[in-house]
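Participant: Those protein sequence lines, which keep their order, are chains F and X. Residues in the first sequence are numbered consecutively from 1, following the numbering used here. Residues in the second sequence are numbered consecutively from 1001, following the numbering used here.
Be careful, since some hints might not be right.
[Stated by the list, open to error] Okay, the calculated beta carbon distance ranges per label pair:
{"no.": "1", "chain 1": "F", "residue 1": "E41", "chain 2": "X", "residue 2": "D1138", "range": "39 to 47 Å"}
{"no.": "2", "chain 1": "F", "residue 1": "K138", "chain 2": "X", "residue 2": "I1029", "range": "12 to 20 Å"}
{"no.": "3", "chain 1": "X", "residue 1": "F1072", "chain 2": "F", "residue 2": "E145", "range": "48 to 56 Å"}
{"no.": "4", "chain 1": "X", "residue 1": "L1229", "chain 2": "F", "residue 2": "Y121", "range": "23 to 31 Å"}
{"no.": "5", "chain 1": "X", "residue 1": "E1256", "chain 2": "F", "residue 2": "K149", "range": "55 to 63 Å"}
{"no.": "6", "chain 1": "F", "residue 1": "K68", "chain 2": "X", "residue 2": "C1159", "range": "19 to 27 Å"}
{"no.": "7", "chain 1": "X", "residue 1": "L1152", "chain 2": "F", "residue 2": "Y121", "range": "48 to 56 Å"}
{"no.": "8", "chain 1": "F", "residue 1": "G179", "chain 2": "X", "residue 2": "Q1044", "range": "29 to 37 Å"}
{"no.": "9", "chain 1": "F", "residue 1": "E145", "chain 2": "X", "residue 2": "H1155", "range": "20 to 28 Å"}
{"no.": "10", "chain 1": "X", "residue 1": "H1055", "chain 2": "F", "residue 2": "T170", "range": "34 to 42 Å"}
{"no.": "11", "chain 1": "X", "residue 1": "I1139", "chain 2": "F", "residue 2": "Q152", "range": "33 to 41 Å"}
[Unchecked claim] Distance condition first, Cα-Cα at most 25 Å in a straight line; then the derived DSS-like pairs of lysine-lysine:
{"no.": "12", "chain 1": "F", "residue 1": "K180", "chain 2": "X", "residue 2": "K1069"}
{"no.": "13", "chain 1": "F", "residue 1": "K159", "chain 2": "F", "residue 2": "K218"}
{"no.": "14", "chain 1": "X", "residue 1": "K1124", "chain 2": "F", "residue 2": "K180"}
These are calculated hints, taken from the structure and not from any lab test. Note that the structure is a prediction, hence the values are computed from the model and not measured. Note that CB positions come from ideal geometry on N, CA and C, so glycine has one too.
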Amino acid sequence: MIVAGCDIGSRTAKAVIMEDNTILGSSVMRDKPDPEETAYEVIASALGQAGKTMADIQCCVGTGYGRKQVPFAQALESEIVCHGRGAQWLEPSIRMVIDIGGQDAKAIKLDDKGRVVRYAYNDKCAAGTGRFLEVMAKPLGVRLEDLGKVSQKSSAPVKISNQCVIFAETEIVSLINAGKPVPDIVCGLHRAMAHRVAALAKGIVVEGEVGMTGGVAKNEGMFDALQDALGVKIRMIGWDPQMVGAIGAALIAQEMAA
Amino acid sequence: MIVAGCDVGSLTAKAVVLNQTKIMGFAVIDARSNPARSAEEVMQMAITVAKVGRHDIKCCVGTGYGREKIEFAHACFSELVCHAKGAHWIMPTIRTIVDIGGQDCKAMRIDNQGRIEKFITNDKCASGTGRFLEVMADIMGISLDDLGRLSLKAHKPACLASACTVWAQAEVIRLVGERTPPPDICAGINEAMAARVATMLGSIGIESDLCMTGGVAKNMGVVKGLETLTGMRVRRLSIDPQIVGALGAALLAKEEVVQ
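Can you build the whole structure from these sequences, using the hints too?
Facilitator: Below you can see the structure in the form of structure tokens.
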């Protein structure tokens, strides 16, 4: 039985095609202005990789910020549920998921079945979300996907005193003008952001194995900074962390179709 | 006896020259490359306007973000104390003051002597500070003055759902893209600003009379929005609201001399 999960986020769209607990194909792309077009395009690309067609899909679950715009979804589920389900399926020992998206951050506590026990969420303030790094990457002249690599060259990380994206941006510009090395600034930014996300997670008490999902989890500098800020080891997820929400959606689709 | 006050803020610098009970001259300039230079230039301008000499000034008090860098100041006081002092002197019935600066926002309650009873400040988040309006005016491609002026012509103010400057920025870009009339967008921006300030005021409690100081007080969209949200009149001061801190500093300079 073939199922699909489609996660339309604020910045990127993800789709996964699954057959009997095996991932056949997956795709991630940058959002287009029209979310429906985005959904069709990302699923087509995942189907292509899986060697299947739209007609083969028995059930598709939509998730993410733009889930209501997935025309081919039979059901919709929140990102919180999908990230929890996906992470637990990939790494059964995980009891807390920290998902940093393009415009939000979530800390989700799970039981041993991957069900959500408790969660904390920030989409009110851009600090502590992917947008923080996106804004800072610009004046630094570093591509978003290179921030992790760059930060690992830091020898003396700079302390960033502002949390607010607007104020931190000004601070970054002065640091650049003051001639501070870019890797040291980037590392400082990761620490500042990790501090913010850790506070969110600590609000619901960090216990058990922790996993990190969402596009920001691919940033090794941020991964390390979050480990330091939480004071615990974060378990690496054995799959692209950006795909976890879509995987969770496909797993839910599989249950629904059964 | 001639005294002076100098308020070096994050975006502008202000100076007031005071003779007993009369403001002889004042000046407001955009902040220069360093606070010491801002202070020097704004004071020189105020002195020129007041038609006095440097040596005529018995005492000068500094305040504001850059106060420690004012070389000619005899003493320094916090902006809170200075705004309280200045507002009380101009209008003794004032009990609540909102001072919105370029990078912060302060709300304070004062007693009938102009002493601070309670206060709250925000300099952690750009929302609710002058920077919020600056960012929005920039997207709209208009001046800060126009942001206030245009909003008074709104027919159907836009509603901004986000308090965060970054998210509100995205909302304004969308509204511009949807060809929402600029006055309606401006009104939405000013109302969002007023809402944030009203929340701060709510946490210390408002007692009449209420006034606004700092540059944002010149934006009638924000002033009117605050009046609607609080159900209270915002008293208009008889001087430029931007120089209230510098005036308070000058009044404190007078006290310094007397002591």
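Participant: Decide, hint by hint, whether the structure agrees.
Facilitator: Hint-by-hint comparison with the structure:
Taking the beta carbon of each, E41(F) and D1138(X) are about 34 Å apart, not inside 39 to 47 Å as hinted. A hinted range of 12 to 20 Å for the beta carbons of K138(F) and I1029(X) is inconsistent with their spacing of about 30 Å. Under the hint 48 to 56 Å, the C-beta atoms of F1072(X) and E145(F), about 52 Å apart, fit the expected range. The given range of 23 to 31 Å is respected by L1229(X) and Y121(F), whose C-beta atoms sit roughly 27 Å from each other.
Range check, E1256(X) to K149(F): Cβ separation about 57 Å, and the 55 to 63 Å hint holds. For the pair K68(F) and C1159(X), the supplied restraint of 19 to 27 Å holds, since their beta-carbon distance comes to about 21 Å. Our hint of 48 to 56 Å for L1152(X) and Y121(F) is violated, since their Cβ atoms are close to 38 Å apart. Range check, G179(F) to Q1044(X): about 32 Å between beta-carbon atoms, so the 29 to 37 Å window is met.
One distance hint, 20 to 28 Å for the beta-carbon pair E145(F) and H1155(X), is violated here, with the actual separation near 45 Å. The hinted window of 34 to 42 Å between H1055(X) and T170(F) holds, with their beta carbons roughly 39 Å apart. Distance hint check for I1139(X) and Q152(F): the Cβ-Cβ separation is about 35 Å, which falls inside the suggested range of 33 to 41 Å. With a C-alpha separation of about 24 Å, the suggested pairing of K180(F) with K1069(X) holds against the 25 Å cut-off.
Taking the CA atoms of K159(F) and K218(F), the gap is near 23 Å; set against the 25 Å cutoff, the hint holds. Of the pairs offered as hints, the one joining K1124(X) and K180(F) holds, with about 23 Å between alpha carbons and a cut-off of 25 Å not exceeded.
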